[in-house]
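Trainee: Note that the protein sequences, when read in sequence, are chains G and R. Numbered by our numbering, the letters in the first sequence go through residues 1 to 274 in order. Numbered by our numbering, the letters in the second sequence go through residues 1 to 271 in order.
Treat the hints with care, since some could be wrong.
Unchecked claim - Below 20 Å or equal to it, Euclidean Cα-Cα: the simulated SDA-like pairs (lysine to any residue) are:
| id | chain 1 | residue 1 | chain 2 | residue 2 |
| --- | --- | --- | --- | --- |
| 1 | R | LYS269 | G | ARG116 |
| 2 | G | LYS88 | G | PRO23 |
| 3 | R | LYS269 | G | ARG165 |
| 4 | R | LYS268 | G | ARG116 |
What the hints assert, rightly or not - Derived, one-sided and incomplete: chain G residues facing chain R with beta-carbon distance under 8 Å:
| id | residue |
| --- | --- |
| 5 | GLN80 |
| 6 | LEU84 |
| 7 | ARG101 |
| 8 | MET106 |
| 9 | PHE108 |
| 10 | ILE248 |
| 11 | PHE249 |
To be verified - In silico negatives: residues of chain G with every beta carbon more than 10 Å from chain R:
| id | residue |
| --- | --- |
| 12 | GLY50 |
| 13 | LEU75 |
| 14 | THR79 |
| 15 | ASP92 |
| 16 | PHE111 |
| 17 | GLU144 |
| 18 | GLU154 |
| 19 | ALA182 |
| 20 | GLN216 |
| 21 | GLN228 |
| 22 | PHE231 |
Hints are computed from structural coordinates only; laboratory data are not their basis. C-beta atoms are modelled at their ideal positions from N, C-alpha and C, and glycine is treated no differently.
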Amino acid sequence: MNMNVAVDRLATETAVSGPNADPIISIVNVSKSYVRGSLVALSDVSFDVGRGEFIVILGPSGAGKSTLLRCINRLAEPTQGKILLNGKEVCDNRRELRLARQQIGMVFQQFNLVSRLSVLTNVLTGRLSYRSTWRSFFYSFTREDRAMALECLEMVALGHKALQRADTLSGGEQQRVAIARALAQRPKVILADEPVASLDPKIARQVLNYLRDVSQRLGISVICNLHQIDFAREYAQRIVGLCQGKKIFDGPPSALDDEVLNKIYGLRLENAGD
Amino acid sequence: MTSLDVTIAQAVEREAAWRHRRIAIRLAIFALCILVLWLAAARIKMSLVNVVLGVPGMADVFVRMFPPDLSYLNRLIAPTIETVQIAVWGTLLAVIASTPLCLLAARNTTPHPVVYSATRILLNLLRSINELIYALLLVSAVGLGPYPGVLAIALHATGMLAKFVAEEIEHVGRGPVEALQAAGAGRMQIILMGILPQVLPAVVGYILYRFDVSIRSATVLGLVGAGGLGFSLITTMKMFKYHETAASILMIILLILVADWISGWLQKKVL
Numbered sequence: 001m002n003m004n005v006a007v008d009r010l011a012t013e014t015a016v017s018g019p020n021a022d023p024i025i026s027i028v029n030v031s032k033s034y035v036r037g038s039l040v041a042l043s044d045v046s047f048d049v050g051r052g053e054f055i056v057i058l059g060p061s062g063a064g065k066s067t068l069l070r071c072i073n074r075l076a077e078p079t080q081g082k083i084l085l086n087g088k089e090v091c092d093n094r095r096e097l098r099l100a101r102q103q104i105g106m107v108f109q110q111f112n113l114v115s116r117l118s119v120l121t122n123v124l125t126g127r128l129s130y131r132s133t134w135r136s137f138f139y140s141f142t143r144e145d146r147a148m149a150l151e152c153l154e155m156v157a158l159g160h161k162a163l164q165r166a167d168t169l170s171g172g173e174q175q176r177v178a179i180a181r182a183l184a185q186r187p188k189v190i191l192a193d194e195p196v197a198s199l200d201p202k203i204a205r206q207v208l209n210y211l212r213d214v215s216q217r218l219g220i221s222v223i224c225n226l227h228q229i230d231f232a233r234e235y236a237q238r239i240v241g242l243c244q245g246k247k248i249f250d251g252p253p254s255a256l257d258d259e260v261l262n263k264i265y266g267l268r269l270e271n272a273g274d
Numbered sequence: 001m002t003s004l005d006v007t008i009a010q011a012v013e014r015e016a017a018w019r020h021r022r023i024a025i026r027l028a029i030f031a032l033c034i035l036v037l038w039l040a041a042a043r044i045k046m047s048l049v050n051v052v053l054g055v056p057g058m059a060d061v062f063v064r065m066f067p068p069d070l071s072y073l074n075r076l077i078a079p080t081i082e083t084v085q086i087a088v089w090g091t092l093l094a095v096i097a098s099t100p101l102c103l104l105a106a107r108n109t110t111p112h113p114v115v116y117s118a119t120r121i122l123l124n125l126l127r128s129i130n131e132l133i134y135a136l137l138l139v140s141a142v143g144l145g146p147y148p149g150v151l152a153i154a155l156h157a158t159g160m161l162a163k164f165v166a167e168e169i170e171h172v173g174r175g176p177v178e179a180l181q182a183a184g185a186g187r188m189q190i191i192l193m194g195i196l197p198q199v200l201p202a203v204v205g206y207i208l209y210r211f212d213v214s215i216r217s218a219t220v221l222g223l224v225g226a227g228g229l230g231f232s233l234i235t236t237m238k239m240f241k242y243h244e245t246a247a248s249i250l251m252i253i254l255l256i257l258v259a260d261w262i263s264g265w266l267q268k269k270v271l
């Protein structure tokens with residue numbers, strides 16, 4: 001299969017324009033607390049995400065990285081603030097939320113594939129938001145959907161495993177399938193929540209390469225949570241540092257010096273002493 | 001003696017006291033259980049003497065049944081087939097009825113907590129009544145024959161099946177469901193593509209198990225006039241044709257062994 005043709009066709013649909021001029025996502029004063037405000041996960045976080053930008057959110061465990069990503073596609077309800085997708089607020093209305101989620105792919109730490117379904121069917125679930133419910137009763141997808149799912153699998157070099165059951169694949173392969181599933185949505189943004197935390201360093205690099213690759217080739221913005229500083233430096237165009245739910249850094253990887261790192265991870269080191 | 005020694009001595013003391021109390025509580029519970037069992041035995045006149053005294057009577061019945069009238073087996077073929085048909089249709093109706101019910105009775109798929117509670121109560125009611133009692137009621141409602149047997153099995157099995165599957169749905173992996181949610185899939189699509197594949201093996205297991213139980217139940221439903229082998233059993237007994245009764249029992253054992261074997265084989269094939 002000619003991969004470049006496939007990629008070009010996808011690329012024309014998500015036109016790349018200059019980053020930050022017209023943000024794809026704006027996070028505006030988002031706060032989130034659990035248990036009636038006693039546990040603050042996020043406090044007053046704001047930043048814009050440019051089109052095609054690869055942003056890494058860096059911070060120790062429990063800094064609120066995961067909550068932030070989940071607030072963007074409303075898997076978690078922000079307590080305060082709002083999220084704008086393409087200048088339009090991502091809201092609660094079921095139909096509108098579905099259309100917003102359609103444009104936002106998500107990749108998880110635990111891959112979250114449906115293990116008993118085939119790799120191809122897993123990728124096809126990325127197309128569900130475009131298709132009617134009654135069709136799903138028969139596990140039936142259109143010819144175009146199938147062709148597209150196969151293209152997406154080719155992009156992560158797993159076309160040859162399309163008909164295998166998802167749980168027969170290795171961890172790294174499963175995460176690539178998850179990326180293909182996100183791509184099948186034809187998303188404008190991919191949220192990646194610790195996508196490589198369950199993988200060994202070599203496989204982790206491979207998965208991050210695929211993520212960067214699709215971001216650059218298709219002009220998809222990526223917001224990627226990581227806790228590894230070296231990966232963040234290597235892959236990010238821009239880093240947002242989170243600590244205890246607060247944004248305490250926002251800049252290019254070159255500006256991420258020891259002082260900043262101390263601020264992001266500092267409190268944790270102090271705590272480690274007692 | 002240092003203060004540390006004192007602390008340790010106190011801790012040892014406390015531990016011993018705690019241990020003794022625990023032993024005392026356990027002994028009390030044990031004694032209570034014995035008392036309850038003994039009272040129950042006295043109430044239902046269960047005693048070794050009665051068991052021994054019953055031996056001649058049991059031997060008498062056995063002798064009168066022996067040898068089973070094997071020629072009667074020929075006339076049992078039709079009732080046996082009817083028994084299987086009752087079990088198959090009873091189970092099938094239960095599967096159909098429990099499909100929507102199990103979704104309403106699982107916390108993660110129910111449309112509303114009130115619906116959840118109502119469905120759970122309904123299922124408990126369905127489950128709490130034995131097939132034989134359903135059959136008894138239905139025979140007087142719709143008349144003698146296999147049809148009330150089918151309904152009796154379906155009612156009881158629906159309560160069981162829907163509850164088990166609902167519990168299975170509640171324990172489904174959260175991750176894949178969340179992934180489909182994030183991809184913008186609808187409620188029904190999540191159930192079909194995310195939940196169903198996860199519960200399918202367990203559901204197939206439950207259905208096969210239920211079929212097995214249904215066959216057993218179907219063999220006795222005839223006792224109250226709801227068709228199948230039980231009907232031959234009760235009629236031959238009432239006419240004191242004990243050799244034919246023995247043949248009926250033999251047929252029931254055979255049927256259950258075969259059903260056991262088939263469902264075991266299917267289970268291995270499917271899972």
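Trainee: Can you give the numbers of the hints that this structure goes against, from lowest to highest?
Mentor: 5, 6, 10, 11, 13, 16 and 19
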